[in-house]
Amino acid sequence: MTETADAEAIFEAMGAVVTRWTMGSTAAPVASFWRTELGDDPVEAELRLLALSGQFLGAIVTAEPPPVLRVLPDIPTLGLPTVHEALRPLVRRILATSKDGASRTEFIHFLVARGWTTHPADWIPDASDEDAPDIYAAWRDWSASAASGETTRRQAGDQLTAENWEDFWPAARKAALIMLRQRDPSAARALLEAKLGSESADARLRLLSLLSERLSGDDVAFLEGLAANDRAPKVKALATSMLARLGHGPAAGEDIAELAGYFSVKTKGLLRRSRVVQIESPKTPAQWQRRKALLDGTDLMSFSGALGLGPQDLIDAWDWNVDPAADTGLIKLIVETGTDAQLAQAAGIVSEHDATGLIVALAPRLTPADRARFASARLRAHGIGFDMARVIAGAAARLDDLLSAPAGAKLLAELRRDDAKPSDHVAEFQALGLLASRTAAQQTLQRLTAAGLLQGDPRLDMLRLNAALDDNGEKP
Amino acid sequence: MTISACSRSAARGDIELSSCPDILTILDSNWEAGVAIDLKAVEQLATDQSSLKAAAGLAKPAKWSGVGSSPDGALIWGECAGSGANPYRVMADLRDLGNKCTCPSRKFPCKHVLGLLWLNAEAIVPFAPADTPAWVSDWLGRRRGTSAAKPASTAAPAGEKDVRAARAVEPEVVEDPKDAARREAQSAKRNEETERAILDALDALEQWIGDQLRMGLSGFIDDATARCRRIAARLVDGKAAVLAGRIDELPSRLLALAAGDRPSGAVVELGKLVLLARAFRATPRDAEIRRVVATTETRETVLADPQALRVNAQWEVLAEQVQTRRDGLVSQTTWLLNLAASGPRFAMLLDFFPASAGRRGSVFAPGERFQGELVFYPSQQPLRALLVRRDAAEAMLNSEWPAPDMALGEALTRPLLAEPWIVEIPLLLPRGRIARDDSGGTWWRAADGTATLPVAGNAEGLLAGTELMRTAAIWSGNRLAILAAQSPWGRIGGHD
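From first to last, the protein sequence lines are chains V and Z. Under the working numbering, the first residue of the first sequence is numbered -4, with each subsequent residue one higher. Under the working numbering, the first residue of the second sequence is numbered 2, with each subsequent residue one higher.
The shape of chain V in the complex, shown without the other chains (with noise of 0.2 Å):
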């Protein structure tokens, strides 16, 4: 190399270089600080060039970073603690293998039921993701600072007041919000009442429904205010609902007359002491139809007034199990627009009849508790599968001793079965994971590897899972 030449200089010639050869010129004569390398023949030259500029560029020459990198914030911890490091590997081949985003979601509650949350590596929520249980308010709001680019931490915690409402990140806010409706409904609902209007419907909508939580007769004003007033078709009706769960139905209209005409309350028993409310089954489709649209607009209160009843009256005077879709259109309503009490007292008698979808219809809406003694009685009593119970029991559930119920004995005699294949009854078993306490699967591993199960089959991970995890959970 010619003395003079220096790293700088070289840099400042490669520009001109690589110009050259990319428009399909001789790129020596600029190099001329390595004349002495390239020597005399143009085509040698032009091949020791490519050489040397090749390596120069690829050993000194790295990109500039921009003047300003944005670092994202640590990914906060949560308030349970990740499951343990062994059973990692468990917890990600069940989340693989968690085809759609319900069972995950699923998964994901059921540990948090148990007082787990998944590694960070493993699954961390979207930041739109409503579904994820609330502990993961905190990843959700980091996801959307990943997604805007926003590098600041927000506030979290459940000091949230109008002031300091904008610091929050959505995740975090609404985790507050419900904490604070817990220890102080009528803050709650100021809150509300003061910042709901700035937000979006969704958000609104989103919000709103958090007010479920201790709903009593002081919310009543404000909820009318929305009803009357908001620009929300589903916010209005999010708050009628409400109303009507409070027993502030709108005005019975010629509707509510309609709907009635459809049904008669009649007297039974010796005594003629005791009602029944009688169905009248339309004759038409077009009269289903509007039978249905006619409930679809209504509210208990209203419809059992339109009877003469009280809403419990008409709940123990209904003839359940004669018009499937008048059952079910009731149960919406009572779902919808009925009290706590109301509802406890609409399963109580549904538990009793074989209708295992009023259940499930009902069951977001209990408590855990009656979720899973529900499906507990529903899988010994009715003979349903664990699938189905496990849509009732919802995530919290700890059931004993599953396999003595029908649907168990039923699995172990088709695994038995000369025909059996491996690939069978995936979701029984994933829901037979979810739904057993640990205790009981422990014991169901056992009794299903005894049956010929192999240990490491696959469709026994949640189960597996199950066993191996303390339950840390609070017991509902």
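Incorrect hints may have been included.
Here are some, though not all, of the chain Z residues that point toward chain V, as calculated from beta-carbon distances under 10 Å [stated by the list, open to error]:
| # | residue |
| --- | --- |
| 1 | 94 |
| 2 | 139 |
| 3 | 144 |
| 4 | 211 |
| 5 | 215 |
| 6 | 216 |
| 7 | 259 |
| 8 | 265 |
| 9 | 268 |
| 10 | 435 |
| 11 | 440 |
| 12 | 466 |
| 13 | 488 |
| 14 | 493 |
Hint data in this document are derived by calculation from the structure and do not stem from the laboratory. Note that the structure is predicted; figures quoted are calculated from it, not measured. Positions of the beta carbon are idealized from the N, C-alpha and C atoms, including for glycine.
We have chain V; now place chain Z onto it with these hints.
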């Protein structure tokens, strides 16, 4: 259908065993007698006598590691050293003789499966009851799709097979010295011809590179795939197959760059090719250079080489990269980190198999640690290696990765002094963190602010949301591909 044809079809998942009463009887009687499998079943399962012979050679403890069985004895598994750098994972379900091996053999069952069954049948090594490894469970899960009843195979059974004959040691044939001399002379002549062919091919390559410069790199970048394919085909004809594979992959490396960086990227790539061609001309017999141009030594050659570096250490599996190449081969690269204080920091287990062989199971789980002996292909910078022995897993107390062996600047450039043509340099980076620029580009930034390097891909999730105490990555001259990192949250895989 004969018992042997029946068992073969059942093992392949082609038929339900219930349709083979003959073999079911054997299996049932074995099972009830508490004997998992006997040699007769191995014999029947083998496709031919040569498989059986090969299996007999593998039924030796030294060939196997990680052998185990499920507590009920129904599943057995093990890792068998094959001809590649990565061992093969072999598993079998003794209830129906279903089996799986990660080798690319088209025989089913392959010799490794037969070897494992043989080990079990004769209790040559203890099959310790253990928790079923995840890779065995994964296979069980995938068997779901294949166990449905299908028409039984109508293939005629292969000729007679005999375990005793397979076991017999063939007498060594004493070779005539004249034959040996003739063969050596032929071999030398062949080597010379090969060398001549390679040199001719490299002349053609340099001519081609010169043409690309004359015609303009702009056109080359636009038409890189077709042009590279043509010269790669010429190199294959000229017995420079490894170099041909590299040139076939050149366009994809180029296209991974931002449009503005491609001309200088092309200069770097083509410049390295010139350097490599010149290096080969200077020392055509150098095994290290031959390895990147023509052929790689066989496993046996490396194992027999007394100069080859052997390292017995604790290794962590950083990542496995599986890539389908344009030449129809799939490359399977396992990156290992040496956790000892000294010695080569990285090892690369590289295997190729035809894409037509289908999906191949992973050999290692990322994050897995093991004590084992590796032999490195002779090199100034040992990196490519073969797994010689893998000891039984034991508790690895030291969870920290070692500190980088040299300053980052040196680590980025020193390998190029010895092998200026290399494309990938494995690096162990000091404490740092992922950062983003305004256009969404991802960077790794050293905690002390002395270095900032561009990262390939997005590095999302936990990788971008925590301090990275150590990061293992591949530097390709213009981008870092993160393999794994250590963080306050523990180990993070590059794709987590």
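Query raised in the report: Given residue 94 of chain Z as an interface hint, is the shortest Cβ-Cβ distance to chain V below 10 Å?
Result: 8 Å, holds
**Report entry** Interface hint outcome for residue 216 of chain Z [beta carbon to chain V under 10 Å]
**Finding:** With a closest approach of 6 Å, the residue 216 of chain Z hint holds.
Query - Evaluation of the interface hint that places residue 268 of chain Z against chain V, nearest CB under 10 Å - result: 5 Å, holds
Query raised in the report: Minimum Cβ distance from residue 493 of chain Z to chain V below 10 Å?
Result: 5 Å, holds
Query raised in the report: Against chain V, with CB atoms and a cut of 10 Å, does the hint on residue 435 of chain Z hold up?
Result: 7 Å, holds
Query - Hint check: 10 Å Cβ-Cβ cutoff, residue 488 of chain Z to chain V - result: 9 Å, holds
Query raised in the report: If you take the shortest Cβ to Cβ gap from residue 139 of chain Z to chain V, is it below 10 Å?
Result: 7 Å, holds
**Report entry** Closest C-beta approach of residue 144 of chain Z to chain V relative to 10 Å, hint status
**Finding:** Status holds, d = 5 Å.
Query - residue 440 of chain Z as an interface hint toward chain V, with CB separation required under 10 Å - result: 8 Å, holds
Query raised in the report: Once the shortest beta carbon distance from residue 215 of chain Z to chain V is found, is it less than 10 Å?
Result: 6 Å, holds
Requested in this report: Using Cβ atoms only, decide whether residue 466 of chain Z comes closer than 10 Å to chain V, and label the hint accordingly.
Outcome: Result: holds, 4 Å to nearest chain V Cβ.
Query raised in the report: Measuring from the C-beta of residue 211 of chain Z to each C-beta in chain V, is the shortest one below 10 Å?
Result: 6 Å, holds
Checked against the numbered hints above, the structure violates none of them.
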